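Visitor: Sequence:
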Amino acid sequence: MDVRAVIQDPQAAIVDTWGSVRACPAADEVNRLSEEIAQLKTKIKQTKAEKGRIAGRFKEVKGDAEKTADLKQQMASISKQLSQQEKERKNLEKQLAAYFEEEGEQQRPDFPERFTASHDLAKPIEVTIEQVNDADAADWDRYVDSHPRASFYHRYAWRKVIKSAFGHDSRYYAARDAHGKLCGTLSLVALRSRLFGNYAVSMPFFNYGGAIADNKQIADQLYRTANADAQSQGWEHVEYRSCEKGYSMPNASRKVSMILALPESEQALNDGVRAKVRAQCNQANKYHPEIRFGGRELLDDYYQVFSRNMRDLGTPVYSRDFFDIILKTFPKDCTIVCAYIDGKPAGAAFLAGYKDMLEIPWASTLREYNECNVNMWMYREILQHAIREGYPYFDFGRSTEGAGTYNFKKQWGAKPVQHYWYYYLAGQETGDEDGSIPEMNPDNPKYKLAIAAWKRLPVVVANVLGPRIVKNLP
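In this text, residue positions in the sequence shown follow the working numbering: the first is 21, and each later residue adds one.
In short, the hints are calculated from the structure, not lab data. Computed from a prediction, not measured in an experiment: that's the story for all the values here. In this text, a Cβ means the ideal position worked out from N, Cα and C, and glycines have one as well. Please note that a few of the clues may not be correct.
To be verified - In silico lysine to aspartate or glutamate, EDC-like type, Cα no more than 20 Å apart, as pairs: (1) 180 with 159; (2) 180 with 156; (3) 183 with 344.
What the hints assert, rightly or not - The following label-pair restraints were derived from C-beta to C-beta distances: (4) 177 with 485: 23 to 33 Å; (5) 137 with 96: 44 to 54 Å; (6) 92 with 155: 55 to 65 Å; (7) 106 with 469: 47 to 57 Å; (8) 111 with 409: 16 to 26 Å; (9) 111 with 375: 25 to 35 Å; (10) 100 with 473: 44 to 54 Å; (11) 52 with 423: 44 to 54 Å; (12) 62 with 198: 49 to 59 Å; (13) 388 with 425: 29 to 39 Å.
Could you build the full structure based on these sequences and the hints that come with them?
Guide: Structure (structure tokens):
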């Protein structure tokens, strides 16, 4: 039984396990524990609010050493109190979970179904391919939400997000059987620029895309239809971002997604990492960091960290409006995380939850806080948040195998899932990875000088110019 379900609704768990509350001799004890946990969670919420209030006062006393020292003392005291409350909560949850432990429970698979499910879910059938519009959105999402290989970015609403944020047109293809039933989808966004040319991507700006269908025959037909349209649209290439191998198109497999199968408890997460990782996370505690999870109210602090970090990396930044549109479109699925030191934003992340996995598509910390280990501390807080929210899996995002970001994610126990990005290349039916596949990424040596120059721009200038450039970088 999922321990998180027990904690959230112990009465239902009792019924599920023993048949009825009255038939369960431990029902009274379970109810007592669940009530104590609920009360303690309220106290923890109040303590966190008080901690946030104290953190916010650091700006008010800036330059006053005596008042700053007093606030730090208050912060240390309330951090200790919060730590004790969290420890007590974990202990109570452990006692509660013990009533529902099942013998012989199977270990969670390394990867969620979206990376492992067979695409051959039905026998080959005759289908028709059509382009759909907003009137088909509900039907589209019903199919996507029921498909085992679908990602968050296959949902229809991303069409409006990208149009609103970047102005890009898109083509959404649907495969239907003889009865008109939807049996495959493919979303494609067109990007046109003098600098980077004309091309299309499924899906740009995100890690996942490509066709999902009842079987590979239908997916192949969706790809062939889109490739034929590429010729009439004058696209120089089309990129399909898939994690499924086996399609007969030129492909690149330089990237992997790092996926962590989350343990049942925060304590198990802490116990499961190496001592070095725990030590680095704990080193941040002496700076009394604060973490906040929220929505649009944290967007300014998030963007302050994110935009500056992107400038430091030499990468054009997305506009603030892009993230705001996402938050407005998916308020229940997306979360902003901000980590603070002395009341100032030091780290930030954007989270997106879909089905059984929480993903972190964007995360940044400021370099001046590197010695505080705020990045490690923030990631541990995020992983604990994922466990509390009931997600079995966490997606650290894509990396190049062996690179620094790959090794950072690996130390948490994450394992790689291979990406297969397929390409239609104008003027040729087949190809290979040597020379013909476009490389529009920071690893390309031809962008080295541009990246170096971008790092020297003032942040305010980079924030004005960046969105105009990055809108055509997938």
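Visitor: Indicate, hint by hint, whether the structure satisfies it.
Guide: Here is how each hint holds up against the structure:
1. 180 with 159: Since the Cα atoms of residue 180 and residue 159 sit roughly 16 Å apart, the hinted pair holds (cutoff 20 Å).
2. 180 with 156: Distance ~14 Å between residue 180 and residue 156 Cα, so the pair holds.
3. 183 with 344: 14 Å, holds
4. 177 with 485: 23 to 33 Å: 29 Å, holds
5. 137 with 96: 44 to 54 Å: Between residue 137 and residue 96, where Cβ atoms are some 49 Å apart, the hint holds.
6. 92 with 155: 55 to 65 Å: Holds, at about 58 Å.
7. 106 with 469: 47 to 57 Å: Between residue 106 and residue 469, where Cβ atoms are some 49 Å apart, the hint holds.
8. 111 with 409: 16 to 26 Å: 20 Å, holds
9. 111 with 375: 25 to 35 Å: 31 Å, holds
10. 100 with 473: 44 to 54 Å: 47 Å, holds
11. 52 with 423: 44 to 54 Å: 50 Å, holds
12. 62 with 198: 49 to 59 Å: Between residue 62 and residue 198, where Cβ atoms are some 57 Å apart, the hint holds.
13. 388 with 425: 29 to 39 Å: 20 Å, violated
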